[in-house]
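Just so you know, the sequences run in chain order A and B.
According to our numbering, the first sequence is numbered sequentially starting from 3.
According to our numbering, the second sequence is numbered sequentially starting from 3.
These aren't lab readings, by the way, just hints derived from the structure by calculation.
Computed from a prediction, not measured in an experiment: that's the story for all the values here.
Possibly wrong hints are sitting among the right ones.
[Unchecked claim] Derived list of chain A stretches under chain B, where covered just means 3 residues or more per stretch with a C-beta under 8 Å from a C-beta of chain B:
(1) 67 to 81
(2) 84 to 96
(3) 138 to 145
(4) 176 to 182
(5) 399 to 409
(6) 430 to 439
Backbone N, C-alpha and C define an ideal beta-carbon position, used for all residues, glycine too.
Protein chains: 2
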Amino acid sequence: MRVLAKDIAASARDGAGEVEMLGWVHRIRELGGVAFLILRDRSGLAQLVLGEKPGLTLESVIAVRGSPALNEKAPGGAELRVDSLTVLSEAAGDLPYQVNGDVSRVGIEAILDNRVLSLRSPRIRSIFKVQATIIEAFAAYLRAADFTEIKTSKLTAGSTEGGTNLFMVEYFDRKLFLAQSPQLYKEALVASGLERVFEIAPVYRAEKHDTPRHLNEYVSLDLEMAFIESERDLIELEKGLLAHIFEAVALKNGPDLAAWDASVPDPESTARAPTVAYEESLAIVNREAAKAGGARIFDINPEAERLLCEWSLREQGSDLVFVNEFPRRHRPFYTYPLETAGGGTAALTMSFDAIFRGLEITSGSRRHHDYRAFAEALPKFGIKPENMTAYLQILKYGCPPHGGFAIGLERLTQKILGLANVKEASLFPRDRRRVEP
Amino acid sequence: MRVLAKDIAASARDGAGEVEMLGWVHRIRELGGVAFLILRDRSGLAQLVLGEKPGLTLESVIAVRGSPALNEKAPGGAELRVDSLTVLSEAAGDLPYQVNGDVSRVGIEAILDNRVLSLRSPRIRSIFKVQATIIEAFAAYLRAADFTEIKTSKLTAGSTEGGTNLFMVEYFDRKLFLAQSPQLYKEALVASGLERVFEIAPVYRAEKHDTPRHLNEYVSLDLEMAFIESERDLIELEKGLLAHIFEAVALKNGPDLAAWDASVPDPESTARAPTVAYEESLAIVNREAAKAGGARIFDINPEAERLLCEWSLREQGSDLVFVNEFPRRHRPFYTYPLETAGGGTAALTMSFDAIFRGLEITSGSRRHHDYRAFAEALPKFGIKPENMTAYLQILKYGCPPHGGFAIGLERLTQKILGLANVKEASLFPRDRRRVEP
Chain A
3 MRVLAKDIAA
13 SARDGAGEVE
23 MLGWVHRIRE
33 LGGVAFLILR
43 DRSGLAQLVL
53 GEKPGLTLES
63 VIAVRGSPAL
73 NEKAPGGAEL
83 RVDSLTVLSE
93 AAGDLPYQVN
103 GDVSRVGIEA
113 ILDNRVLSLR
123 SPRIRSIFKV
133 QATIIEAFAA
143 YLRAADFTEI
153 KTSKLTAGST
163 EGGTNLFMVE
173 YFDRKLFLAQ
183 SPQLYKEALV
193 ASGLERVFEI
203 APVYRAEKHD
213 TPRHLNEYVS
223 LDLEMAFIES
233 ERDLIELEKG
243 LLAHIFEAVA
253 LKNGPDLAAW
263 DASVPDPEST
273 ARAPTVAYEE
283 SLAIVNREAA
293 KAGGARIFDI
303 NPEAERLLCE
313 WSLREQGSDL
323 VFVNEFPRRH
333 RPFYTYPLET
343 AGGGTAALTM
353 SFDAIFRGLE
363 ITSGSRRHHD
373 YRAFAEALPK
383 FGIKPENMTA
393 YLQILKYGCP
403 PHGGFAIGLE
413 RLTQKILGLA
423 NVKEASLFPR
433 DRRRVEP
Chain B
3 MRVLAKDIAA
13 SARDGAGEVE
23 MLGWVHRIRE
33 LGGVAFLILR
43 DRSGLAQLVL
53 GEKPGLTLES
63 VIAVRGSPAL
73 NEKAPGGAEL
83 RVDSLTVLSE
93 AAGDLPYQVN
103 GDVSRVGIEA
113 ILDNRVLSLR
123 SPRIRSIFKV
133 QATIIEAFAA
143 YLRAADFTEI
153 KTSKLTAGST
163 EGGTNLFMVE
173 YFDRKLFLAQ
183 SPQLYKEALV
193 ASGLERVFEI
203 APVYRAEKHD
213 TPRHLNEYVS
223 LDLEMAFIES
233 ERDLIELEKG
243 LLAHIFEAVA
253 LKNGPDLAAW
263 DASVPDPEST
273 ARAPTVAYEE
283 SLAIVNREAA
293 KAGGARIFDI
303 NPEAERLLCE
313 WSLREQGSDL
323 VFVNEFPRRH
333 RPFYTYPLET
343 AGGGTAALTM
353 SFDAIFRGLE
363 ITSGSRRHHD
373 YRAFAEALPK
383 FGIKPENMTA
393 YLQILKYGCP
403 PHGGFAIGLE
413 RLTQKILGLA
423 NVKEASLFPR
433 DRRRVEP
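Chain A extracted, bound-state conformation (with noise of 0.2 Å):
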């Protein structure tokens, strides 16, 4: 019977019999004529003995079969005294760079490029583990609450978000696009019935930069529902999902946010994240700016999340703030309008976004649900109502009042371990010049 190395001490006080171990080759060394080899398994580390050096290199993969026993100086205070030793893969020996060291010296282009070697560092696999548990928790919570889980289609026929940041697809004899967003197909079965659905699924940016918060294909944590009266009403639902998620990472990651001395929010703190209108935003942003003697911002830009969650995290004690009531010129075309604002692009919208720890994870809106309304609407964007009729085909058999947000996997996967590079939370990550592996 396989033994997982988390196992080998319980295994051992149990007085179990021969157990079978298996895994890769973390390290080998010689003590006083007897050799102690460090099995890595999924699980973790296991310390192995054998009689004599085995003639293996470091990262083979094996399969032995030996006596638990207990032993304080073991790592996890037991080990396996080994009876036979099995080498299921043979590691070539000229490792890109030295597997079982400290991962934090080898550089971000080493490790996605060795995706099958750095993962086999616990720091950069925990990185993978809390994502788990994220998608995990925010199904679960949203799951709970009534919503269903859809499946969308990624190639489009045009933009749902407006712009022109697309990829193009040869699909068969015409052109098609990856999918920005899931905008129009969530709204489509809010309105078909369904109220509340949530995908989880990849989606595409075109854009040209490469930052360290950018991803050009990233998974998106999408969410829509009906019956909303503005905007604060998917603030209240995104707070308890995200002090979900953290309470989720909290239970089940414990080793995984100790690897990037890291910790979650506690749920107190997330539920008192302030709500601070855009224009009201920016003069806080512009009062920190100032007395850390910076230049005028006028936008809520990437310095501006971080100022803002300084000022959260010391007025609030709140890793989380929320900006609402974006003026129209800043937000899509499906955006609904502030009842009490004028027509112009300053007008403000039932808009928000989510900063957590300086950065933005979650764009979300109320959206138009009234057809002769969203129509009159459209010019104001350049847009003529007849480019639109997929859009104008959701509201005009009856659709509610709606909205939803959507949070980027990988974005909340660095702010809650603390990565300097969204890259790093994504597996396989794609910008403009890395397409492999």
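Please build the complex by placing chain B on the supplied structure of chain A, with the hints as guidance.
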């Protein structure tokens, strides 16, 4: 406080005071000076009683306030006596078909063209309620077995499955392809030490055929695991996984199954699904075909899949049958050979298909894990090792014996409910002609 349609009777029994209901106008009728309005929300239907017939189009979205009251004659045994009604969204009067009528009279093209309306039929909606349960149960079963959920890039520099059925993407100044499967990445992550991984994501096949069993974009439920002996370990895993999915659907989707007069196999019949070697399965198929006076069958084609499942149901009482040990010529280059087999294209492999109710829903295999043996096997497939460097890198530094499989989400949904066409099980299907909505 909002009360859902499914809770109106409980609300009446609890003697709730004034409550709110929100939803779509499903039907209106007048009887003896009283108007009855059937309201539809995400949970079902409820009867509203109004003093006079409201001037409302069908499918308009309304908010009503009133008192719940028990009434044996009402659907569900209760109704809402309405005090006030607000129209939230007025539906246009030109519905393209009768939304509250018998959806079985509506053709598949109209259903797919009008997703916002067709999903308002409980029967159509139930397809995607079942599908959501399949996704949830697939992930839950694998997480409990210590699998890690992964998200990998869908933009690849080359083919992973061989063949040329790839959609090309203009990616900045170069050409990439939409991934046919996460095969390369699954294997890389197993070899990275995660050992057990699964992914739920879209895959793309640029195949020109237009049949009731093909989609050009579908959701693949993929998994891969280390330290297997043969494809038989994977078959056992899939039996447990499918039994869990069937059980979850039976538990959560009773009304959805009823809407299609469908049922899921019981766990015992799934456990006793036969595994038949490729050659033997062809012999069975030809015996069955001969009995029915059919022509000789030379491959496990759609007709063979149908006959095999008829045989399995009759002889073993199982809707499910596994075919294993396919000849090499039928399987991709990464498939592991049966140890006992020779070197030609007729040589057998550690591979299998799962066929459920007459349709292949899974393809899987043990994979090559030995660097040298794999490099030597590539020329048999007409592949130069220098064109397979990404694959070889996975095997180079210690790769455990491993294998995996994928379940087509839409096909499984189709066969659970008995849908005539797999496109019915895709919210927004893509085929050679259909790219909208």
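Worksheet item: What are the numbers of the hints the structure violates, in ascending order?
Response: The structure breaks only hint 1.
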